[in-house]
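Enquirer: What follows is each chain in one-letter form.
Protein chains: 4
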Amino acid sequence: MTNAADSDLARLRALVRTFVDERDWDQFHTPKNLACALSVEAAELLEHFQWLQHGRIEELGADKLVQVRHEMADVLVYLVRLADKLEVDLFAAVQEKMVLNREKYPAEQVRGDARKYHEYKK
Amino acid sequence: MTNAADSDLARLRALVRTFVDERDWDQFHTPKNLACALSVEAAELLEHFQWLQHGRIEELGADKLVQVRHEMADVLVYLVRLADKLEVDLFAAVQEKMVLNREKYPAEQVRGDARKYHEYKK
Amino acid sequence: MTNAADSDLARLRALVRTFVDERDWDQFHTPKNLACALSVEAAELLEHFQWLQHGRIEELGADKLVQVRHEMADVLVYLVRLADKLEVDLFAAVQEKMVLNREKYPAEQVRGDARKYHEYKK
Amino acid sequence: MTNAADSDLARLRALVRTFVDERDWDQFHTPKNLACALSVEAAELLEHFQWLQHGRIEELGADKLVQVRHEMADVLVYLVRLADKLEVDLFAAVQEKMVLNREKYPAEQVRGDARKYHEYKK
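Chains as they are written, first to last, in the numbering used here: chain F, 257 to 378; chain Y, 257 to 378; chain C, 257 to 378; chain B, 257 to 378.
One or more of the hints may lead you astray.
Identical copies go unnamed one by one, so any copy, or any two together, can satisfy a pair.
Below 20 Å or equal to it, Euclidean Cα-Cα: the simulated EDC-like pairs (lysine to aspartate or glutamate) are [said to hold, decoys possible]:
1. Lys353 x Glu343
2. Lys341 x Asp280
3. Lys320 x Asp277
4. Lys360 x Glu315
5. Lys341 x Glu278
6. Lys341 x Glu300
7. Lys320 x Asp280
8. Lys320 x Glu364
9. Lys341 x Asp277
10. Lys320 x Glu352
11. Lys353 x Glu300
12. Lys353 x Glu315
13. Lys353 x Glu314
14. Lys341 x Asp330
15. Lys353 x Asp277
16. Lys360 x Glu343
17. Lys341 x Asp282
18. Lys341 x Glu359
The set of hints was computed from the structure by calculation and includes no laboratory data.
With the sequences and hints as input, model every part of the structure.
Expert: Next up, the structure:
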């Protein structure tokens, strides 16, 4: 039922597709180029946090929060576009990945343990 | 209506929230740490494309495509989690950003023009 | 005198060039691919820090520090390689950039001021 | 003899150290923050290449090449600074890593083989 025509992610996919088609930019959207662009946008998001001491929301002012919000939108736009090109159903992909994560990080073994969390992240 | 309890993105947010709470990992999830993790996952996705000559889907085998799909899921998980912590409605954020993008890149000016596309990206 | 045949950076350039030539990997080393690889290695470095509370050296164990050291080496290898392909003298480039940075961030205006530091980073 | 006071990398370390001390910015330079900044700069470098079809030097104009050169300088500045804070000798680290790389990618096995190169990169 996910990615039904009226789901959030399907609507965003359509929105981005229209934007790209109007500009004839599909020719630039190889999966590799989109993966580059996604990485670049993720770094632009990170840039807003890089010098914060604690990295909490209170350390961002209201203006910064608007910019952060826009960078997050850019990340999602490129992710949705890449999913469109690779015919990946993002909702199903997360569900599938979370099953693997549950096996990899059993709650009773890793609960509240930063050290274990690190090691498991390897 | 977006992020209604039954929307895709709201369901993913709930899925991730449960996973994190079961592990008592919320304590590690400052916005800064999540922005780092998002950037790291975006780079892991890019890694699969870095040496491809054209960067097209045919150059990835079926195995690689499964891995790519999982990296895309990881990116979305951290993005959804960050949105949860910053109280950002991702669907609305993309709609808002796309309005700005339409002003910044008027279709008639940038159509099919890679050079202009570059310059505009600045 | 910089990048004289016996400078550090020139010696690293030669070391990497030999390694690549022995493997006939130059064909994969377009500037774009090297820029991708550099970004991927920088993220692998960041991964070791992403969940640390303060991000200080004491929070990394000795084992992690060895891995961090190796990721830093990978970053430098790709940077030196990219400089080789683009005929950039890295030493001169830093000297040149630091002159610009001194103009952009006058010491008396930005001293010890995190907020200004953020704004200036824009 | 590497990182002798007059080596390239030692001179860059001193240059950056002076710049930071004049601005009292050492307080912001935790290893984690520097690793974030390095990743952000690597992405700014990548941004110049993201939409290029082949990713070759000819596709960058002269102006872009100057910008690329400055982004490369930024990457090196943060890498040298991180090495300073973690007391890593970058020259020795690359030498050490290249020994490991020679074991991991024996020339006779991986020569000119993109597919193997990918797999080995895993």
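Enquirer: The structure should be examined with respect to each hint, and the outcome stated for every one.
Expert: Comparing the hints with the structure gives:
1. Taking the closest pair of Cα atoms, Lys353 and Glu343 come within 20 Å of each other only inside a single copy of the chain (17 Å); across copies the shortest separation is 24 Å, beyond that limit.
2. For a Cα distance limit of 20 Å, the shortest separation of Lys341 from Asp280 inside one copy, 15 Å, qualifies, whereas the shortest one across copies, 32 Å, does not.
3. Taking identical chains as interchangeable, the C-alpha atoms of Lys320 and Asp277 are never at most 20 Å apart, the minima being 31 Å within one chain and 27 Å between chains.
4. Taking CA atoms no more than 20 Å apart as the test, Lys360 paired with Glu315 passes in neither setting, with 34 Å inside one copy and 24 Å between copies.
5. Taking CA atoms no more than 20 Å apart as the test, Lys341 paired with Glu278 passes inside one copy only; the shortest distance there is 17 Å, against 35 Å between copies.
6. For a Cα distance limit of 20 Å, the shortest separation of Lys341 from Glu300 across copies, 18 Å, qualifies, whereas the shortest one inside one copy, 23 Å, does not.
7. For the identical chains of this complex, Lys320 and Asp280 are neighbours neither inside a copy (32 Å) nor across copies (24 Å), given an alpha-carbon limit of 20 Å.
8. Neither within a single protomer nor between protomers do Lys320 and Glu364 lie at most 20 Å apart by alpha-carbon distance, with minima of 38 Å and 25 Å respectively.
9. For the identical chains of this complex, Lys341 and Asp277 are intra-copy neighbours only, at 13 Å inside a copy versus 34 Å across copies, given an alpha-carbon limit of 20 Å.
10. Proximity of Lys320 to Glu352 under the C-alpha cut-off of 20 Å is restricted to the inter-copy arrangement: shortest distance 16 Å between copies versus 34 Å within a copy.
11. In the homo-oligomer, the alpha carbons of Lys353 and Glu300 lie at most 20 Å apart only across protomers (15 Å), although the nearest pairing inside one protomer, at 26 Å, exceeds that limit.
12. In this homomeric assembly, Lys353 and Glu315 never come within 20 Å of each other (Cα to Cα): the closest approach is 32 Å inside a single copy and 23 Å across copies.
13. Taking the shortest alpha-carbon separations for Lys353 and Glu314, neither the intra-copy value of 32 Å nor the inter-copy value of 23 Å comes in at or below 20 Å.
14. In this assembly of identical chains, Lys341 and Asp330 lie within 20 Å of each other by CA distance both inside one copy and across copies; the values are 17 Å within and 18 Å between.
15. When the C-alpha separation of Lys353 and Asp277 is checked against a cutoff of 20 Å, the pair qualifies only between copies, where the shortest distance is 17 Å, while the shortest distance within a copy is 31 Å.
16. For the homomeric pair Lys360 and Glu343, neither the shortest alpha-carbon distance inside one copy (26 Å) nor that between copies (28 Å) is at most 20 Å.
17. In this homomeric assembly, Lys341 and Asp282 come within 20 Å of each other (Cα to Cα) only inside a single copy, at 10 Å, whereas the closest approach across copies is 29 Å.
18. Proximity of Lys341 and Glu359 under a CA criterion of 20 Å is satisfied in neither setting, with 30 Å inside one chain copy and 25 Å between copies.
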